[in-house]
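Protein chains in written order, with the working numbering: chain A, 11 to 337; chain B, 11 to 337; chain C, 11 to 337; chain D, 11 to 337.
Hints were generated in silico from the structure; no laboratory data involved. Errors might be hidden in some of the hints.
Chain copies aren't distinguished; within one or between two, either way the pair holds.
For lysine-lysine, the following DSS-like pairs were computed, each having C-alpha atoms within a straight-line distance of at most 25 Å [as the list claims (entries may be wrong)]:
(1) 294 <-> 247
(2) 326 <-> 247
(3) 294 <-> 168
(4) 247 <-> 57
(5) 126 <-> 164
(6) 296 <-> 326
(7) 57 <-> 206
(8) 168 <-> 247
(9) 326 <-> 53
Number of protein chains: 4
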Amino acid sequence: MKEIVKERDNTHFRQTRLDDLVEYYRPFSADGRNAEYIPALGKIDAKQLGICVTGSDQTMMKSGDWDVPFTLQSISKVISFIAACLTRGIPYVLDRVDAEPTGDAFNSIIRLEMHKPGKPFNPMINAGALTIASMLPGDSARDKIETLYALIEKMIGKRPVINEDVFRSEWETAHRNRALAYYLKETGFLEAGVEKTLEVYLKQCAMEGNTEDIAMIGMILANDGYHPFSHEQIIPKDVARLTKALMLTCGMYNASGKFAAFVGVPAKSGVSGGIMCAVPASFKRKEPFQHGCGIGIYGPAIDEYGNSLTGGMLLKQLAQEWDLSIF
Amino acid sequence: MKEIVKERDNTHFRQTRLDDLVEYYRPFSADGRNAEYIPALGKIDAKQLGICVTGSDQTMMKSGDWDVPFTLQSISKVISFIAACLTRGIPYVLDRVDAEPTGDAFNSIIRLEMHKPGKPFNPMINAGALTIASMLPGDSARDKIETLYALIEKMIGKRPVINEDVFRSEWETAHRNRALAYYLKETGFLEAGVEKTLEVYLKQCAMEGNTEDIAMIGMILANDGYHPFSHEQIIPKDVARLTKALMLTCGMYNASGKFAAFVGVPAKSGVSGGIMCAVPASFKRKEPFQHGCGIGIYGPAIDEYGNSLTGGMLLKQLAQEWDLSIF
Amino acid sequence: MKEIVKERDNTHFRQTRLDDLVEYYRPFSADGRNAEYIPALGKIDAKQLGICVTGSDQTMMKSGDWDVPFTLQSISKVISFIAACLTRGIPYVLDRVDAEPTGDAFNSIIRLEMHKPGKPFNPMINAGALTIASMLPGDSARDKIETLYALIEKMIGKRPVINEDVFRSEWETAHRNRALAYYLKETGFLEAGVEKTLEVYLKQCAMEGNTEDIAMIGMILANDGYHPFSHEQIIPKDVARLTKALMLTCGMYNASGKFAAFVGVPAKSGVSGGIMCAVPASFKRKEPFQHGCGIGIYGPAIDEYGNSLTGGMLLKQLAQEWDLSIF
Amino acid sequence: MKEIVKERDNTHFRQTRLDDLVEYYRPFSADGRNAEYIPALGKIDAKQLGICVTGSDQTMMKSGDWDVPFTLQSISKVISFIAACLTRGIPYVLDRVDAEPTGDAFNSIIRLEMHKPGKPFNPMINAGALTIASMLPGDSARDKIETLYALIEKMIGKRPVINEDVFRSEWETAHRNRALAYYLKETGFLEAGVEKTLEVYLKQCAMEGNTEDIAMIGMILANDGYHPFSHEQIIPKDVARLTKALMLTCGMYNASGKFAAFVGVPAKSGVSGGIMCAVPASFKRKEPFQHGCGIGIYGPAIDEYGNSLTGGMLLKQLAQEWDLSIF
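Make a model of the complete structure from these sequences and hints.
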């Protein structure tokens, strides 16, 4: 990294620096691999890397493949959790899904059997996300999904598109998620039918966005649910804070602890290579990051935990240079 | 809680409010129990509740049993982790102890067997703390403990006293910790002998302090290792941030996630009823908490997770009133 | 038990003794409970208790509710395992299902995740039985079931009837079995579709028989697969022995070890209250049990492990009086 | 194996056949490895293979390295279990150690934590054997060991010798066993001190014998505890049967199920390469095995489960040729 020049304090140099870093980290994608267990994701160009940073003060920085649409995958768990809290209330939701990190893989089923009565440990692992999907309002999968669409539209000003290829691909290979859903059905932690819940869950995973979209959602969370552009409180403060706490403790699969330690911002990743960060305001930082920002990353080569490899490297570097940590 | 009047923005009323809250929560100790598995802790008056808040700006608030000395127990894990990082370096330490929350009880052994090669998941559970104790510099237990004493003296200006009764009591009943230590010895994650390591670990647990002492340490951590009174950088910034991240994700046993969600500050509890919090500076708060503070709590009635019951209730209320959450 | 007169060595007194024992143990059903998780089983009269003993020498003893038809439930796992070995060969079968007892509950899923690559531990737990059901020959569920019908007809001279009420009842509440099946599908240990496999599995569980029917199957197994009445080798000797070994080590759920210790005969139970025993020939016994026998038991009140409570008590007593243990 | 001539029915040819088989299987030791985790065992010549078969009718066959002394290791668990039953009674013993196979490795600790209150699953795994060692009569380790010596002397006519090298070697590296013992101490399943219990346990493991010695013990068990040479009932019949049942379900570590399936005799192995079998009388066999026998095997190259590799191959072949299975 010696060859990379030091950050300079103005917009032009900051953009140049960001571009340099994106190009610097892009080749490391060779050490990762696409999420091949979802066939449709296996074909994607792993060398892609893009970022969008959206400041609470409306400054915006973009670099690389920032505008490539990708499926949100597990990032959607944040949105569905918020939607469940908005419609059911926090106590109802936390009665059915706990808020504890686990140290287990995202699709683990062991803990459901080991810890009676099988309440999912948190909404950021698949078991918890299925329970959340099942409790969204509405009788049909369409109605439940609509709740998510409406919330997203409020936040980013447009309705998401479902990538039908990815949805089909996941639907047909969702054996492990079906196993989890049936297990939850038996223990009483699924409020809708298994197939309906899976349709909601897999469609939410297949919703497309780009880094600008998720940076915007991250920025709203950074602002405790207040949208600084539309001047609207979209998410109640207590829901926004609870969501950020869950992102920090559980958002990066079973590397969440290391991510908290070395990046230190609430973040949620998806196996398609997205990372959504909410960076709350802090004195410690220089402008323009002092008032908080949202960061969206896209880099489809993932590491052993399921997190974007190059995206994580880029974030770790930026966290140091821009002093992003909340700690 | 309706009968409690709203907080008012000046010192006198803030103190009155704190005193009221301490007295309000004190009787809830009846719903907890002392940590009876350590015989010497079983005799302590469970109704005690005390707090000290030490601001980075040298303001200080104290209430209730703030000056009662208690054994630090698991709070000492924070200090020994810092000492290990200072003397061995972060990479050495994290090669031997991971930084991931587990969702398991503090004394669990399962994960050491399930996840080869048996590396402890984090330094805040017993397995990890034993590994940390074993890697402190020095050949003898005395030398290793001395490293902790020296660090504590730098932070609070005095050397801690060992409660010999508690040490003896724990030493004789430390079967589970011995089991963990021998397990770690076998898998190669213990760098010193088992008995020596246990002596260090149990002595660090038996070090006494009061809420003022731990509030001071919390305040230094809140300031990224910088001591605002002595103007000395006692702990490097990267170590301080890593420590706070671990406190947030793993510091409150297997209720860490819920604590992050509803209190939202890096904290470490001990079964003797102490809680040490590091509250980083934040715009969002009003003075005098804007520039960060340390909070020390003592309430020996503990809940099912091993955390101070009344201390946790008091903290949750203060976090709301004073807007302490880092999220 | 003092009031019960000692067994005497002739047919009449042996029958009287058996009748006395059945009546003696019948009231203990009050300490058990029906398998209420299968709604259709919840309604059955728990005080029923019946037995049929079929000797290799064609002697037969019956007592109590010996002729009440009941659904075979897990007893069918023995039959489907034999059918799979007959049609696929032992190596093919054991490549896909291991032959090790587990100590876990019959419907446990933990071990599939803990022991990569998720091969079921034995064919007597649900996970293994689902894998076995999936490998029966035939493309349709009907064809697969037909293989079982044909084998049963060869052994007892008639085709079994499916209890449609029980099948429907189990089909609608088979969430846990569906979870297991989808898990196995993902790890590659299910050779047919999930729904098809479940149809086979739940239909085999819903096949009806009475104690005479299962005593006959047990007797054929006791004779290493040779039918002493029809003089036909229905099951190859190696398959029969393997089956008996699996019954002994894994046949009584997670009480198999205690059953081996205190009864000591290869046996398979079902949650509907049936127990099928294969008692190999032994010198040690007096006539008429010297040449081996099959024993069928029916007592629908089950214990905490899922085994017939009164049936188990009766068997334990008979094992002592008749010296049935193979050890 | 085609080149090996068929067994013939007389003593001479039987001996020749046995010698041929020992030489045939000896070279397969190259696929195994010594139990190197016990340093003193690592040096032993892995190509050794020996067998002794002792018939209830006093016929005896020996071949290969039958007279090489080896440490009994886990085979001693059978003897200490019997000694505990003889001195404490079966109910007392089974109140403290269960009789269920586990499917876990011999030194596993997981199940102690997962299944409250931590009762060891069976006396053939280390956890259970430690509990058994702790309950042997006597205050000192010497007294407890003496109970084993006395029982062995009654069975084989001589007192065993402790291999001090092996004992020292195991004592110094017994970290995992110490972990188990301390865990059991905490949960109340250890009746003596940890160090005393470990001394007993590791000394019993270091007792030496050869194949003739263990064949004799196996033969007595085969005869339900009756010594056909001394005409003495050394072990009560119920203890002998319980012991054989435990050997069959749990005696070959987590390959016990496969061993029951393909050999089918109660057996106990040790990591030093010994296997002790008790073959009860059976009609099905030809003379001289009809009246039961004991078999002692020694082959120090062990397989992945900890069982003698060549010993297991030899036994499997003999089980087929001599029709040894109890099923």
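Subject >> Earlier hints that do not hold, by number >> reply: 3, 4, 5, 7, 9
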